[in-house]
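Visitor: Listed below are the residues making up each chain.
2 protein chains.
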Amino acid sequence: MEPIKVGLLGLGVVGGGTWNVLRRNAEEIGRRAGRQIEIVRVAVRDVAKARAKVGADVQITDDAFEVVRDPQIDIVVELIGGVTLARELLLEAIAHGKHVVTANKALLAMHGTEIFEAASRKGVMITFEAAVAGGIPIIKAIREGLTANRIEWVAGIINGTTNYILSEMRTNKLTFAQALQQAQQLGYAEADPTADIQGIDAAQKLTLLASMAFGIPVQFSKAYIEGITQLSDEDLETAQYLGYRIKLLGITRRRAQGIELRVHPTLVPANSILANVEDAMNAVLVNGDAVGQTLYYGKGAGEEPTASAVVADLIDVTRLHTADPGQRVPHLAFQPDAMADIPILPIDEVVSSYYLRMMVDDVPGVLADIARELSNAGISIGSMIQQPSEQGYARLVFLTHSAQEQAVNRAIASIESMPFMRSQVTRLRVEEF
Amino acid sequence: MEPIKVGLLGLGVVGGGTWNVLRRNAEEIGRRAGRQIEIVRVAVRDVAKARAKVGADVQITDDAFEVVRDPQIDIVVELIGGVTLARELLLEAIAHGKHVVTANKALLAMHGTEIFEAASRKGVMITFEAAVAGGIPIIKAIREGLTANRIEWVAGIINGTTNYILSEMRTNKLTFAQALQQAQQLGYAEADPTADIQGIDAAQKLTLLASMAFGIPVQFSKAYIEGITQLSDEDLETAQYLGYRIKLLGITRRRAQGIELRVHPTLVPANSILANVEDAMNAVLVNGDAVGQTLYYGKGAGEEPTASAVVADLIDVTRLHTADPGQRVPHLAFQPDAMADIPILPIDEVVSSYYLRMMVDDVPGVLADIARELSNAGISIGSMIQQPSEQGYARLVFLTHSAQEQAVNRAIASIESMPFMRSQVTRLRVEEF
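Chains as they are written, first to last, in UniProt numbering: chain A, 1 to 433; chain B, 1 to 433.
For reference, chain A alone in the conformation it holds in the complex (with noise of 0.2 Å):
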């Protein structure tokens, strides 16, 4: 059978990586897919330096508008990034009638009810398991591999950069400027960290297995995003003490009234799997009906394991590009006329149990009074300990129940404006799975 055929958009960190696994493992997935897969076409800004590269068999142009429209091109391979141009570029491809394989986490995250549905509209496949978690088979699992079940949540590390730097932090005693400074130097973090440290790169991830686990629509607009950039080696420590370590959690759960959809530093049971996930390494935690907790686990970034992603999703569309539509996965999972309009909740009616730190006089009462507050907004707390401080103040560091964080943030409120207060209060999530 005649090789299918790519044009590859992009030749960067990924694409360079889906170039090298392509080529060096050609025979074994010939083997694998039936069908030889060739890049024939390579849209790059520097063609010189792709020259070099690819070799003289494969066409370049710095025009990825040519390759999308490309008559001979069967699959577009969108590694670009940004959503302005790939936007445009993606509906372009589709609109010729070509299968589209992307990484573009922000891109679906923002744009991809309009891509879903002009590809549904074309007849054509779009596919993304390389924009979550990298070489981790993760979406195929819960489009695929957990479809008999009802999942009620999905609880995943979906950055390696902030994983990495929260796992130096507490390992290495770093501040967060040092092990931030180091994760750059490795290359896992980029110049410009704002996505990853401002969660907005796990959010990305997160809407998009939130749309897949529960039927709805990719509604970014709606997360609620909370980075690490204020986290304190003080409360790493605390965590640790009280039996629990630190992690940057995207968190989505089926509630009665609607859908959580959250990322947030978190505390975790020291001795939980997710806890146990360190360095740059990704995790997801998938909680179905039936099946009950499946865990997903690998590298959630770098060259090879993005590029094993998207040459899985190669394989995926030379199977079944002349199918029948109705013979593919939905691209999120349900049927397009299937998706249910569950609304996404604000984070002031999410349910969690909650860290509260804050410093008080070390005086009689200051405890009666702080529990009072909480029990009067019907927070019933788990433990607590108290440690003194210098100059005669003393840290308390309460551990709740659930509570719905509305009730916990009023609470709040009302102790930050007793006498005996020395300090805000810092208040962090906590999930027991």
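Just so you know, the hints here were simulated from the structure itself, not pulled from any lab data.
Nothing here was measured: the structure is a model prediction, and the numbers come from that model.
Accuracy of the hints is not assured; some may be wrong.
One copy or any two copies: either way a pair holds, since identical chains are not told apart in the list.
Computed list of lysine to any residue pairs in SDA-like fashion (alpha-carbon distance at most 20 Å, straight line) [to be verified]:
id	residue 1	residue 2
1	Lys122	Gly34
2	Lys222	Met110
3	Lys222	Arg255
4	Lys5	Gly326
5	Lys173	Ser232
6	Lys49	Asp192
7	Lys5	Asp62
8	Lys222	Pro346
9	Lys173	Val13
10	Lys122	Glu431
11	Lys173	Thr229
12	Lys53	Arg23
Please build the complex by placing chain B on the supplied structure of chain A, with the hints as guidance.
Guide: Just chain B, lined up with the frame of chain A:
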């Protein structure tokens, strides 16, 4: 669209779970699959008992051959187990053009070649996600999620019964007999636990994983199998003292000379992710050249976890039952005409690290003699501990670097013939991954 019609053979633990999950999640499954999946006929030994469960709209028979020959049925789900009748039923179902979903690892490990060939000739699918690691979609991960990779090795805890026993022995200091009895009381072990504790069940699953990882025929008879019945509390404790835990692992690895295919108790570092898979949980670690290590974790057995895999297969078959065979994933991940004839290595040629424990007279020169014998056999020592014992004996434990098993066995034979030996040498394999 008309519901797809399923004939169910067996309504025991997994059959009952499949019935329950399909009914409870019918709406969710329909939203995903785009089509209802309906069990129209059930074959059981006890018709009256089944009638109480399935209601009047389902035909019940005690002749499973009626079901596999029933023209109205599209998919046969085989959950009766065993290898004799089940083999005949599967071949008959295939001959009648039925697709088959099965959880029968023993059958596929022993008769897979015959069954897959028959299915390929007839153009029907045999799916078996439930045959390995229960609800964990590990077969989908290897057959589809990691297709870009040249897989180097797979190592897994794929028998929950033995993992539960080893966890209890370690954490609660039970003897093997006590832990087995407890596993039986909890329903984790069967009345006849032979297939679990002897490693046979794990080897059947590993045989299937190896075939899909490397594109080789299913060859259960060539697997090396060693169970956990000979493990002593002393070795569990010594392993822990050395920073290891003992797990029953299935390991299959590609080497230049062939494929290793082996199930045996294995020391793994206590802080490694596999070491921390406790109780009856399963986990499979896969190493691919592009993606690196990925791990898949969850419940490896039980009514609904296993049903989760059966129903996911039903949904896959529902999507693809009218597709061209070329649009389906090959049964064993590689195209039938591209299977490789790589030999399975005999256990003598396996390469591993080793734990060697022995009791010796506590006299000068013993250590030098043993070290020289190991060195003569080309075996390098990684670490050693000596502990005094009663009666003037000393207990020696060596951890070796990688060595070929036959060299280790020869060295052990020489050491055991030395005059100062007061025990045989206990030999366990060690893997660091």
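Visitor: Hints first: check each against the structure and report whether it holds.
Guide: For each hint, the structure was consulted:
1. Lys122 - Gly34: between (26 Å within a copy, 19 Å between copies)
2. Lys222 - Met110: within (11 Å within a copy, 52 Å between copies)
3. Lys222 - Arg255: within (16 Å within a copy, 50 Å between copies)
4. Lys5 - Gly326: between (23 Å within a copy, 18 Å between copies)
5. Lys173 - Ser232: So Lys173 and Ser232 pass the 20 Å test inside one copy only (11 Å; across, 40 Å).
6. Lys49 - Asp192: Neither: 24 Å inside a copy, 66 Å across copies.
7. Lys5 - Asp62: within (19 Å within a copy, 53 Å between copies)
8. Lys222 - Pro346: within (8 Å within a copy, 58 Å between copies)
9. Lys173 - Val13: neither (31 Å within a copy, 50 Å between copies)
10. Lys122 - Glu431: neither (43 Å within a copy, 51 Å between copies)
11. Lys173 - Thr229: within (16 Å within a copy, 44 Å between copies)
12. Lys53 - Arg23: Close inside one copy (12 Å), not across copies (55 Å); limit 20 Å.
Comparing the model with each earlier hint shows violations of hints 6, 9 and 10; every other hint is respected.
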